[in-house]
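Chain residues, written in single-letter form:
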Amino acid sequence: MQIGTAFLFDRATRQMTGLSSSAARLQAEIATGKRIQTPSDDPVSAGRVARLERLDADDSRYLDNLKLATSILGQSDRALESVETQLQRASELAIAAANETLNDSNRAAIAAELRAIVDDLFRLANSTDLRGAPLFGGSAGAAFTRAADGTIQFVGTGEASPIPIGESATVLVNDNGQRVFGNIPAGAGTTDVFAIVSGLAAALEPGGSPDPATRQATVQASIAGIAAASSQIVTARASVGARSARLEIESERLTRARSENEIERGSLEGVNIEAAITELQKTMVTLQAAQASFARLTQLSVFDYIR
Amino acid sequence: MSDLLSIGASGVRAYQTALSITGQNIANAGTAGYVRRDVRLEELAPGAGRYVLQLNRNINGGVLANGVDRAADAFRDAAVRAGTAELGRTSAGIVWLDRIERTLDGADIGAAMTRFFNAGEGIAADPTGNAPRASFIDAADGVATAFRTAAEGLSATAADLEATARLAVTELNGLAAALAAANAGLSRVKLGTNEHAQLLDERDRALDGLSNLAAIHVTTDDAGIATVRFDDQAGPVLVEGPRARTVAVDFNSSGMLALTLDPAGTPQALAPRGGGLAGLADSSLRLADLRANLAAMTDAFRDGVNAVQAGGIDLDGQPGAPLFGGGPGELVLNPIGLRQIAAARPWSVSAAPGNTGGATLAASSAGSPLGATRITVTGGTLTAIDPVTNSVIGTAGFTPGVPTTLAGLAITVSGMPQNGDSFTIAATGSGSRDNGNLANLQALRRSGGFESAANEMVSVNASALRARRDVAEAQTAIVDGARAARDAISGVNLDSEAIELMRFQQAYQASSRIIQVSREIFQSLIEAV
Chain A
241 MQIGTAFLFD RATRQMTGLS SSAARLQAEI ATGKRIQTPS DDPVSAGRVA
291 RLERLDADDS RYLDNLKLAT SILGQSDRAL ESVETQLQRA SELAIAAANE
341 TLNDSNRAAI AAELRAIVDD LFRLANSTDL RGAPLFGGSA GAAFTRAADG
391 TIQFVGTGEA SPIPIGESAT VLVNDNGQRV FGNIPAGAGT TDVFAIVSGL
441 AAALEPGGSP DPATRQATVQ ASIAGIAAAS SQIVTARASV GARSARLEIE
491 SERLTRARSE NEIERGSLEG VNIEAAITEL QKTMVTLQAA QASFARLTQL
541 SVFDYIR
Chain B
4 MSDLLSIGAS GVRAYQTALS ITGQNIANAG TAGYVRRDVR LEELAPGAGR
54 YVLQLNRNIN GGVLANGVDR AADAFRDAAV RAGTAELGRT SAGIVWLDRI
104 ERTLDGADIG AAMTRFFNAG EGIAADPTGN APRASFIDAA DGVATAFRTA
154 AEGLSATAAD LEATARLAVT ELNGLAAALA AANAGLSRVK LGTNEHAQLL
204 DERDRALDGL SNLAAIHVTT DDAGIATVRF DDQAGPVLVE GPRARTVAVD
254 FNSSGMLALT LDPAGTPQAL APRGGGLAGL ADSSLRLADL RANLAAMTDA
304 FRDGVNAVQA GGIDLDGQPG APLFGGGPGE LVLNPIGLRQ IAAARPWSVS
354 AAPGNTGGAT LAASSAGSPL GATRITVTGG TLTAIDPVTN SVIGTAGFTP
404 GVPTTLAGLA ITVSGMPQNG DSFTIAATGS GSRDNGNLAN LQALRRSGGF
454 ESAANEMVSV NASALRARRD VAEAQTAIVD GARAARDAIS GVNLDSEAIE
504 LMRFQQAYQA SSRIIQVSRE IFQSLIEAV
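Those protein sequences? They're chains A and B, same order as listed.
Quick note, the first sequence lines up with residues 241 to 547 if you use our numbering.
Quick note, the second sequence lines up with residues 4 to 532 if you use our numbering.
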């Protein structure tokens, strides 16, 4: 078969261009570490990679939310622990106050300490979280306010919002102050921890309760009230602890999911470096051989022999 | 004697012609569309003389260069043209699919929307913080930019496609005119002449060019005059003899290409099966679909996000302002402040102090409720009370977890309320830390499926591109094979021509020698007398 001279040159150009572009492609794969440079290189894998990237972005966001939620729950736990300690001390003071042998000044000292405990409880109940929001508030406003007469009241409105930690999973990090510190059954109605301790302090203060029997009744009622409040705080703390534990499990799950995603992504779009380098070497050798043989081939011409 | 002289002279003349044809071949070795020519040498047979006075004289004739043979093969030419048309369609498609891929991949709408929705979850974690709100606005700007980049990229692609199609049609008309001119020439020149071969080269160059643009069916008559139809022998005629019809191209409002044959005479819609024009038509259709899809997605996203915003309350206690603006198919971030992102639900429910049950209520508007409503629970009944006048607005039974409409509110009770528990449902004011409205954003994300749709747009195009590339590879091999087969006949090989050159040169020298010998014989005769 005869081969036209122009065709010979054209075909050699096309073949060498093809080899050069294969080499450039392999070089890009090796340099980026990615087998898929554009989605059309492997449409199915590219689609899966896009989905994995989305999952990874979601997981990363939810991990951030989990960290924040864990920190806030930790703050809640510490605040409630302090409340427990304060109530423990209040309970001891109440039991001491029940002793009828105390004199007025002993009782006044106890009352002063109880007042300090109320101040501490008020401060703890009004703690703010990392975000500057009340730890035990509702969805708006402050948690507790103190009136001029010293009474402490829950003023939060609405319910605090849970933090999303998954596509349809949320965790509540702010407990409602009303339910933590208030809603303690007392007779027909309810009372709160501040009223119990303040009431006890008031009864023990000089002139607070002149009738020893009435005072004793108040003290006994307070001991029961403080016990109920303590038990409510312990329950609230246990709930916080349970949520923290859940977050820890969720966080481990997300971290594991992320690394699994990473591995899958690598297997989908990652380039096998050894194979790619070998392939590149092969392509370069072929290209060099093609160039050399083309040069030799085109050097020969019958015209050289016409004298 | 004179016979020997005339034989020598005829050889010199014939081989001069042969040498000039070989020279022509060598000079045109690199000319595109040049078909190798061979000299047609004929013996001048003894017999009837060529002139009246030589009638019945016995002549030893010599040789005559009687014409030029063109080394062409109509079947191989047709195979190359058919392959070129197929490849032309595929390659023209690849160009635009590749542009679309680069545009969509570069804009990466899916990832921008993922960032946006995740930034929403960031606000949900810290509803009053400025940092997550700033990230949200940035992410919203990112989405607007991604949509704009994609829309502008596709629009630029469509404009380029239109310009390319117009150029291609101009080229088609030019080639058809050139072919008609070649046909006209072919009807005038004598067969077997150099001019005839040149015109046939012209004709084939025009046919090759046409087949790159559209699938054509070619028939030729004895003189080589070509009749060209689109597609097959029953297709509409483009060129017949010296007459060429013109093709016009037009684009409708969505950018779809339409070809019309003979717009000035009897217009006829044209949809060639192969060639670059068919590829352009395919691509224009795909591009128009894609742009329509993108515009629909843009509208759905903008309206969805704005509806979520409008359904919530911002940090100033106002209903959320639209986050995005722009006309149909456009997405423009409105200049809204950080506090104007509506994270909170419009109604906040507060449980009264002293509630003994652990139930919670959720409320949404279902009419025109009061600014605040007190709800008390008795048995399985909710009673709505105006907290200002303490008058009962209405009562309704309820099932936990199922919304009940009461006092213009849809109220959902979760958990077990106790008798006497009461709740206040109030319009959300400023500074709320509620994040309930952002759950609606996530609901929009799930129900809208925007990210999947955006990724699918990329995937569908990528699959089409991939398939076309594979097809193009196979078609390129076919065309290369067809070209090689044609070239084996028509191509100029310099080595062969060098050998021909030597052959004809020797023949020329030998013919000159015959003349010399004839002269010497004549001389010796003269001297003998």
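What the hints contain is simulated information worked out from the structure, not anything from laboratory work.
One or more of the hints may lead you astray.
[Said to hold, decoys possible] Label-pair distances were calculated between CB atoms; the ranges are: (1) A:A352 to B:D319: 40 to 46 Å; (2) A:A264 to B:L288: 31 to 37 Å; (3) B:I481 to A:I270: 39 to 45 Å; (4) A:A485 to B:P406: 29 to 35 Å; (5) A:R254 to B:D302: 42 to 48 Å; (6) A:D304 to B:G434: 50 to 56 Å; (7) B:T408 to A:A485: 16 to 22 Å; (8) A:G273 to B:D302: 35 to 41 Å; (9) A:K522 to B:I481: 38 to 44 Å; (10) A:A264 to B:D211: 27 to 33 Å; (11) A:S322 to B:G434: 44 to 50 Å.
[To be verified] Under 8 Å between C-beta atoms, here's a sample of chain A residues computed to sit facing chain B: (12) R291; (13) Q539; (14) F543.
[As the list claims (entries may be wrong)] Here are some chain B residues the structure puts well away from chain A; computed CB gaps all over 10 Å: (15) G132; (16) D141; (17) S353; (18) F525.
Remember, predicted model here, so these are calculated numbers, not experimental data.
Glycine is no exception: its CB is placed at the ideal position from the N, C-alpha and C atoms.
Evaluation of the provided hints:
no., hint, in the structure
1, A:A352 to B:D319: 40 to 46 Å, "holds, 45 Å"
2, A:A264 to B:L288: 31 to 37 Å, "holds, 33 Å"
3, B:I481 to A:I270: 39 to 45 Å, "violated, 33 Å"
4, A:A485 to B:P406: 29 to 35 Å, "holds, 33 Å"
5, A:R254 to B:D302: 42 to 48 Å, "holds, 47 Å"
6, A:D304 to B:G434: 50 to 56 Å, "violated, 24 Å"
7, B:T408 to A:A485: 16 to 22 Å, "violated, 40 Å"
8, A:G273 to B:D302: 35 to 41 Å, "holds, 39 Å"
9, A:K522 to B:I481: 38 to 44 Å, "violated, 26 Å"
10, A:A264 to B:D211: 27 to 33 Å, "holds, 30 Å"
11, A:S322 to B:G434: 44 to 50 Å, "violated, 27 Å"
12, R291, "holds, 7 Å"
13, Q539, "violated, 12 Å"
14, F543, "holds, 5 Å"
15, G132, "violated, 6 Å"
16, D141, "holds, 14 Å"
17, S353, "violated, 5 Å"
18, F525, "holds, 34 Å"
Taken one by one, the earlier hints fail for this structure at numbers 3, 6, 7, 9, 11, 13, 15, 17, listed in ascending order.
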